[in-house]
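Asker: Residue-level listing of the chains:
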Amino acid sequence: MNVVEGIGSRVIDHLSYVGGLTMQFWSGLRASPHVLPIVGKRGRWRSAINQMAAIGVEALPTVAVMSLCAGFILAMQAGAELRRFGALQYVMDTVAIGFTRELGPLLTAFVVGGRSGSAFSAEIGTMVVTSEIDALRTMAVDPIEYVLAPKYVAAMITVPCLTVMSNAFGMLAGWGFMYVSSKTTLGMFVRYVAESIELRDVFTGLLKSLVFAIIIVNVGCMEGFRTRGGPDAVGRSATSAVVRSTFLIILADVFFTAIFYLTKKD
Amino acid sequence: MADPIISVKGLTVVYGDHRVLDGVNLDIERGEVMVLLGGSGSGKTTMLRHIIGLERPTSGTVVVRGIDLNACSAAELKTVRRAMGVAFQESALFNSMSLEENVAVPLLELTTLADPIIEIMTYMKLAAVGLGESAKLSPRELSGGMKKRAAVARAIAVDPDILVFDEPSAGLDPIVAAGLDELILFLKRAFQMTMLVVTHELSSAFRIADRIAMLYQGSLIAVDNKDSFEASKNARIRQFLDRVPDPIGHSAAVQARFRELAGLAGASA
Chain A
1 MNVVEGIGSR VIDHLSYVGG LTMQFWSGLR ASPHVLPIVG KRGRWRSAIN
51 QMAAIGVEAL PTVAVMSLCA GFILAMQAGA ELRRFGALQY VMDTVAIGFT
101 RELGPLLTAF VVGGRSGSAF SAEIGTMVVT SEIDALRTMA VDPIEYVLAP
151 KYVAAMITVP CLTVMSNAFG MLAGWGFMYV SSKTTLGMFV RYVAESIELR
201 DVFTGLLKSL VFAIIIVNVG CMEGFRTRGG PDAVGRSATS AVVRSTFLII
251 LADVFFTAIF YLTKKD
Chain B
267 MADPIISVKG LTVVYGDHRV LDGVNLDIER GEVMVLLGGS GSGKTTMLRH
317 IIGLERPTSG TVVVRGIDLN ACSAAELKTV RRAMGVAFQE SALFNSMSLE
367 ENVAVPLLEL TTLADPIIEI MTYMKLAAVG LGESAKLSPR ELSGGMKKRA
417 AVARAIAVDP DILVFDEPSA GLDPIVAAGL DELILFLKRA FQMTMLVVTH
467 ELSSAFRIAD RIAMLYQGSL IAVDNKDSFE ASKNARIRQF LDRVPDPIGH
517 SAAVQARFRE LAGLAGASA
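Chains A and B supply the protein sequences, listed in that same order. Quick note on the numbering used here: the first sequence kicks off at 1 and runs consecutively. Quick note on the numbering used here: the second sequence kicks off at 267 and runs consecutively.
It should be emphasised that the hints constitute simulated quantities derived from the structure, not laboratory data. Possibly wrong hints are sitting among the right ones.
As the list claims (entries may be wrong) - Over the 10 angstroms line for every Cβ pair with chain A, so calculated as not near, a few chain B residues: (1) Gly319; (2) Glu375; (3) Glu385; (4) His466.
Stated by the list, open to error - Pairs of lysine to aspartate or glutamate residues, derived as EDC-like cross-links and limited to a Cα-Cα distance of at most 16 angstroms, are as follows: (5) Lys275/B with Glu295/B; (6) Lys344/B with Asp134/A; (7) Lys275/B with Asp288/B; (8) Lys344/B with Glu81/A; (9) Lys454/B with Asp425/B; (10) Lys41/A with Asp381/B; (11) Lys454/B with Glu298/B; (12) Lys454/B with Asp427/B; (13) Lys344/B with Glu321/B.
Here the structure is a predicted model, which is why all the values come from computation and not from measurement. Glycine is no exception: its CB is placed at the ideal position from the N, C-alpha and C atoms.
If we strip away everything but chain A, and leave its shape as in the complex, we get (with noise of 0.2 angstroms):
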C-alpha cells in the first residue's frame, strides 16, 4: 500500500466514522419521543430518569469541585495581569464570559465525557459481547430505542443543567477570589455579572452544551455497540470512546466559537 492509498483509507475510515455516529444520531433523536412520559413506551422512562440520575446528579460534586478550582484559577491569573494596569474589577467580566461562553460548557462535557460516555460504552460494550444486544434483536426490540434513547434523553436535560450549575460554581470561585483582594460584596458582584454578561452569552454556552450532550451520548454508545472480542475490547472501546468524543468536543467548540464570533456584533 503506498502512501496515498494509506491516506486515502485512514481518510475514508475517519468519513465512515462520522457517518455512522450521524446515522446513529437520526435513529436515536427519532426514537426520543418513546422514553417520554405519557406519549412514550411504557416504564421507558424510569429508565431515562435513572441515566439523569447517573450522568446529572452523580457528576455535580465533581463538576462544583471543578467548576471552583477552574474560576478560581482564572480568576488569579486574570487578577495579576489586570493589577498591574489597575483594573482588578474586570477580572469579573473574564471569569463570567468565560464561564458563560467558555469553560462551563467545556468542563461539564469533560467531567461527563469521562465518566458517562466511559461508561455507556462499557456497558453496552459488555452487552454486546454477552449478546445481550443479540438478544433485543432477536426480540424484535430495537437497541437503539431500548438503550440508546433514555441516554439520549438524559443526556440532553442534564448536561445543559450541569453547565449552568458550573458557571454558577465557577463565578462563585470570581467572586471568592473578589471579595479576598478587594473585598467585594457578593451583591456588587451579582450586579457587576449582571451588567457584564448578554443573554446571547447564555444561549451559546447552552447550546454548545447541548451538542456536547449528543457527541458524549453518541460516541459513547457508538463505540459499545462496535465492540468486538471479549472484554479487553470493553477497555479499549471506554477509552476509545473519551478519547474521540474529547476531541470532537475540542473540534465543535472550534466551530462554534467561529460562529459565534463571524457573527457578533459590536
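Mind docking chain B on chain A? Use the hints.
Answerer: Just chain B now, with coordinates in the frame of chain A:
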C-alpha cells in the same frame, strides 16, 4: 405437504477468503424438533445467526413463516422475530435486571397487556422452566443450568411458534443437561413449538430430535430422522458418532508450515 416453517436455500456465507457456509439447503417442518449437529468450526452458529436474521448472507435465502429475511421490510422482520424465541449459548440475560424483569422485557415491549397480567405471565413462564422460586434473583446469582432455563423462560415469554437453542447443554453437567433435554421435550408437548437446536452433544441430540442435520466444513452432509442418521455409513458422520479424533498435525497446511520452519520450504511435499 404444508410449506416448511423455516426454509434455507443455497445459504452461502464468505468472510474474507473463508467460506463458512457453502450452499446450505434445509427445510424445517412445523412442530418438529430439528437438531443441527456439527463439530467446532463447522458453521453451526453462523447458520443459526442467519436463520434468526442477525446476519445477511453472501448469497442464498432464509425464509421463515413465508417471509424472506433478506428481502423483507423492517416491519416484516419484526413480525418474524416476534414469532421466534432464541435461547443463546451464553444465556444473554440482562445482568442489571432480576429474572422476572428479564422475562418481562418482551411482554412489556411487544404487548399491550396490563402490568398485573404481565406479572402473572412472567411467573408462569418462570414456573414452567422450574424457576418459580428464583424470580427475584439476579442472573449473577444463578448456576449455569439455571441461567439456561431462565433464557428459555424469556424466549417463550410471548409464546413464539419457533424456539431456537444455541448449544443448550454446553458447559453443563450430564444431570443438568438431561434436565434441559426434558424441558425441551416438555415445551414441544405443551406448546407444539417448532424447535431448532444447535448442538454437538450426541446424547442430547438423540434424546430430543425428530430429525438431525449435520454440517461439515460449511456443507450439510445429512438431513435425516434420528434412526437413519444413527445407521449412516457416511465416513464423516461415523467419525462424529464413533468419536474418532482427527490425526493431530496431519493437515497439508500444518505439514507445509513444519517444512517451512525447518528451512525446507522449497522441498517437495
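Asker: Next, verify each hint and record whether it holds.
Answerer: Here is how each hint holds up against the structure:
{"no.": "1", "hint": "Gly319", "verdict": "violated, 8 angstroms"}
{"no.": "2", "hint": "Glu375", "verdict": "violated, 5 angstroms"}
{"no.": "3", "hint": "Glu385", "verdict": "holds, 13 angstroms"}
{"no.": "4", "hint": "His466", "verdict": "holds, 19 angstroms"}
{"no.": "5", "hint": "Lys275/B with Glu295/B", "verdict": "holds, 14 angstroms"}
{"no.": "6", "hint": "Lys344/B with Asp134/A", "verdict": "holds, 14 angstroms"}
{"no.": "7", "hint": "Lys275/B with Asp288/B", "verdict": "holds, 11 angstroms"}
{"no.": "8", "hint": "Lys344/B with Glu81/A", "verdict": "violated, 65 angstroms"}
{"no.": "9", "hint": "Lys454/B with Asp425/B", "verdict": "holds, 12 angstroms"}
{"no.": "10", "hint": "Lys41/A with Asp381/B", "verdict": "holds, 13 angstroms"}
{"no.": "11", "hint": "Lys454/B with Glu298/B", "verdict": "holds, 8 angstroms"}
{"no.": "12", "hint": "Lys454/B with Asp427/B", "verdict": "holds, 10 angstroms"}
{"no.": "13", "hint": "Lys344/B with Glu321/B", "verdict": "holds, 15 angstroms"}
Taken one by one, the earlier hints fail for this structure at numbers 1, 2, 8, listed in ascending order.
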